[in-house]
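Whole structure, please, built from the sequences with the hints as guidance.
So the sequences go chain by chain: A and B. Just so we're aligned: 221 in this note's numbering is position 221 of the first sequence, and the numbers increase by one with no gaps anywhere. To convert, take the position in the second sequence, counting from 1, and add 1000; that gives this note's numbering.
Everything labelled a hint here was simulated from the structure, so no lab data went into it. No false leads were mixed into what you were given.
The calculated label-pair distances, taken between Cβ atoms and stated as ranges, are:
hint	chain 1	residue 1	chain 2	residue 2	range
1	A	A416	B	Q1648	56 to 66 angstroms
2	B	A1372	A	G100	26 to 36 angstroms
3	B	R1260	A	Q405	31 to 41 angstroms
4	B	G1676	A	P291	51 to 61 angstroms
5	B	L1421	A	E535	58 to 68 angstroms
6	B	A1372	A	E633	54 to 64 angstroms
7	B	A1372	A	R104	28 to 38 angstroms
8	B	T1030	A	Q292	40 to 50 angstroms
9	B	G1589	A	P325	28 to 38 angstroms
Built from N, CA and C at the ideal position, the CB exists for glycine as well.
Protein chains: 2
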Amino acid sequence: MQTFFNPRSVAVVGASAKNLGNHVVLNLKTGFKGAIYPVNPNYPQIEGLTCYPSIDAIPGQLDLAIVIVPAQMIPTVLEACARKGTRRVIIESAGFSETGPEGRALQARCDQIARPAGIRLWGPNCMGVVDVRQQHFFTFMHPNIRREGLLPGRISLIVQSGMMSAIFLAELARRGIGVAKACSIGNRADVDECDLIEYLEQDPDTDVIALYLESILRGRRFTELAQGAKKPIVLLKGGQSQAGAKAAMSHTSSLAGNSRLLKSVLSQAGVAMADSIFQMMDMAHTLAMLPQLNPAGRVAIMTLSGGAGILACDALERGGLTIAPLAEQTRERLAEVFPAWMPPANPIDLFPAVAQRGRVVAFEKAFAAILADPDIDLIVIHYVAGIDAGVPDIQGMKSLADRNQKTVLFWLMGLAEGKRLVSETARNAGIAVFDDATRLAECVATAARFNARKAAAESEPPNAITPPSSAAAPLSVTSPLWDEFDSKQLLRDWRIPVVDERIAADAAQAWSFAQQVGLPVVLKGLAPGKAHKTEHGLVKLGLSDERQLAETFTALQRQMDGLGRILVQKQVAFEYELIAGFVRDDQFGACVMFGLGGIFAELEPDVVFALAPLDLAAALRLVRALRNRRLIEGFRSMTPLKQEVMAQLLVDLGRLGIAYPRIAQIDINPLVVRAGLPMAVDANVVLK
Amino acid sequence: MQTFFNPRSVAVVGASAKNLGNHVVLNLKTGFKGAIYPVNPNYPQIEGLTCYPSIDAIPGQLDLAIVIVPAQMIPTVLEACARKGTRRVIIESAGFSETGPEGRALQARCDQIARPAGIRLWGPNCMGVVDVRQQHFFTFMHPNIRREGLLPGRISLIVQSGMMSAIFLAELARRGIGVAKACSIGNRADVDECDLIEYLEQDPDTDVIALYLESILRGRRFTELAQGAKKPIVLLKGGQSQAGAKAAMSHTSSLAGNSRLLKSVLSQAGVAMADSIFQMMDMAHTLAMLPQLNPAGRVAIMTLSGGAGILACDALERGGLTIAPLAEQTRERLAEVFPAWMPPANPIDLFPAVAQRGRVVAFEKAFAAILADPDIDLIVIHYVAGIDAGVPDIQGMKSLADRNQKTVLFWLMGLAEGKRLVSETARNAGIAVFDDATRLAECVATAARFNARKAAAESEPPNAITPPSSAAAPLSVTSPLWDEFDSKQLLRDWRIPVVDERIAADAAQAWSFAQQVGLPVVLKGLAPGKAHKTEHGLVKLGLSDERQLAETFTALQRQMDGLGRILVQKQVAFEYELIAGFVRDDQFGACVMFGLGGIFAELEPDVVFALAPLDLAAALRLVRALRNRRLIEGFRSMTPLKQEVMAQLLVDLGRLGIAYPRIAQIDINPLVVRAGLPMAVDANVVLK
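Structure representation (structure tokens):
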């Protein structure tokens, strides 16, 4: 990877006196210190540089070729690179897999030429690399972009779409947020987001990695990298909606994938998921600025506007942060500057104190009081520039906060000129500034979560996953078409608790089983091709006497036209329903799923996913990752779910799925809970 | 109200050569054309104007007094106003009800002086009025605010907090959004948000009313005004979080109220609820700009960035809008400029078309094709200023769109200078510009909803509510402490279907009832003070034989120590659980509640509220307002809920509650549904 970012010599194949081929040359000339070789048989010179008719004609060694010629000429260019010994090529031209079968064939041909020659391909259909710190612009992006005042910073970008990388650079510049490297990777014939995450994770200029992707090529690898990453990763995933997923297919021929699974697996792995371009930028910026934020994230708010204080509370609480009660000593110290009628509380509305004691005294006393409060991690200062009198001593506040291991942020509003001034001073002091409280809350919560995760990772032993024994238990079921009974037999073999049940050949067998397990029982007709038994009227509940059972048995047989078989099952009482499952995803491979059952499963799904196999600790984290985890923590005086038992079940389920590569999916629905213990009541194994 | 906005003469009581008393005079001098009378015994002149020692000393007639003297002097000022015949007073000073009991008493005294004298009070503790169009600044706001370039516009603001009104003006100016009037109303001793909504609804300069409030003083009146309003109302309600509600109490001594009820009732009434300052501004701005948007809100997206197109889809679909499929003729026309490999689809990614046919041809042909598409209401143009080549003919696009009854919006990004230019051109052409797709989607969805509501209101007859007969049925229950049985007796009297049940004096009575209604039955112990029967183990389900019933009966009696009574109830099978209720809210009065039951009711509440009494049409709207209305529309092959039956139940429940003023609350939980019909299984009437 290093050579893509720091080549000694670069050729521009398709250099030109105008248009994109000219942009690349101009961009190289204004920053890159190595040798630049324009290549184009039609020009003797371009922008004052000697132009070569071909790669073969270049005199010296060639580290990197940037290619911008029409797609069908590119195989020839790659052959020349192979001859020349050039091992890094960025193809910025479009016209490959995004255009359909012919383009896909062309892209495959490029790969066939590059691979044996040891050439790493970047692109095609991309805008290449921008390294703001080194001023390397290996891209056809319009040279105007530099006039935006790009700032060198600690965030590196990986962007699948070409235009989007220019948009990110322009918008980050406008917001005064610095960038280390921006990598536009396009169709990813070879170099992909995982390669770059690995590289940037080691890059001394990068503190945070932010990505815009329409698909993830190697979901499993991506997740593992994220799990092990020491640097925060922020992802804006395009194509999460139906319409968006369809558009992603035609834009970069990306399969957007199972959006819920992706979001859940990556969140579990510590990736911050963004919903919009600016949210992604602000999250990345905040993560870069708040590495020291205490994960507890207990907030104090200082303001001269009571209204803004209230809105800040609303936004922070909505974001999951705590507006901390003030310690007694803090309240006492604040009372010294507050008017007698006003009891000090958080948010700290300083307006009356300022009216009474003046701005400087009120503000300094209050700030000192909060700095000394042991239950506050973060001080959010709402400031109205140009309306609040005077500019606060921002640098002094930052030093004091650092000394007291507190984090300070600004929520800044007000008149334009004052805002610009405060913003700039804050930036120089290393204080993050937000203009929207909702965004502030989202970003701070993200930073607190990341820091909490990092702290936990440092104290926890690494995952110890015993790989599933390759000598898996022989399948107790051999039929190729599995029904509910077969499916649960397999679960039972893997220690997963299942309801008491058996196949009954006739009503007498069913009645004898019913007497043995206790009344009432359930009869289910297992008919081929009718997995949705309830919808087909094949589930008969609450059978508690012999005649009723016999009649129902006969009726079910008639309903199924003599096909299939009949299952008799103990009817279990339960407190609530969960679901659990295994899925072999195209991008992420084997995954385990856990969630709330019943109508929840369909109305407002609360399901989480993690890569399988998982160890007990990871399974426990999954169990606790439910949005509504209150349900399993002793809700409405119910026995709390035995989380270790549930976690072990998920561990086993993952191993089971992995042990049999023919299994595409397992659904346990419902997994009922009684007295804190889960039990599979219905299950379905789907084979490939 | 008119005189507050257009007085012929204004006195500034507390005028001064410096500070706030000086700001008011300066603000008046730079816009107000009438007579200005500074009042302060310590100055002969202020800012070149004759200063009067008292109100009595003012020579001419005095329409409006702006008062900024210390709180305790204000009763004397009001007495002078009464003598002078001044009928409008804006008290901008603080130190009243927000400071505790003494301040409250002072505020009450002001009211006692003003009311008999026919004086309307505005404030106290506020920043008064700004009328941008007329340049009336009746406020102590810093005169610098004018340098921000305040634009006259069609939005009027009502802001409870003082500083917030300055913040709104500054931030709206910075975003290039115009304002008609900004009203800071403070403690609302007299003039409140309802008075101003009534006034602004008639104000020819106002198209949209936007409010920031920490509480709503007259919730019921507010709701009725909103229901009848012809102009869109946007509300940012501070104090929705726990911490925020607490802070609102100490800031403007506002009871933030039941936040879920407020949000639901006002949404039903057509109020757009905002979550943050900028969202509120953008919603108001969009509502002012898109009065013609077709409520169907079917969107086409045009972009030169495939990635942005995908993100726009994600945001718009998340916002509840439809990315419309293109009509066949539209696709055919687009195919003329698209390359052969690219099938035209929505979002319309023009990048390859531009590469092939040039910007002008590609863009114009595509735009014309969409304009002719009958299934498109709204065209969102993603534009990257300074990176997309050239500036589009924005004025021309707007005219074409108007002619074709389509709405055009810009999602604008890019280089700073280009952005400024496109923004300004779009503003002049009357096109709304957004820089964030998520915000764009929220605002467009809000406008579509408002326009849909307006269209429906025009076609529907006005609500025809028969007031409940004052001769309510005599209460069948007389006990002051009602239990479940009493509660359901009352519901039954009001035609609400309830489960078959009776009080059983002994096991024999219970068994005889059980045989009559069918097995199994439920026994419930109704013990005083134990409303949560399940938690107390007082509910015994599934009793289906005589001995079991008798034993359970005895056990329940023992459990209750002989107190209370025992209810025997048919155990009904059902498909799902709902809840319904009546509540007498402090701010909104009698309200009806409807929602999902079961664990939903507690885990992810999906409940809606409306003012009672409601007519059948309003009740039907309430039934359909559930987030998860899929459940009642024939979910999982269940019979759809008979919505008219459910609506009638809610109508009756509202009348019931209103008929008995002693009823504080009624909870029906669960209200089970079987075969589409609701039935109350448990209910609780709470008396005041």
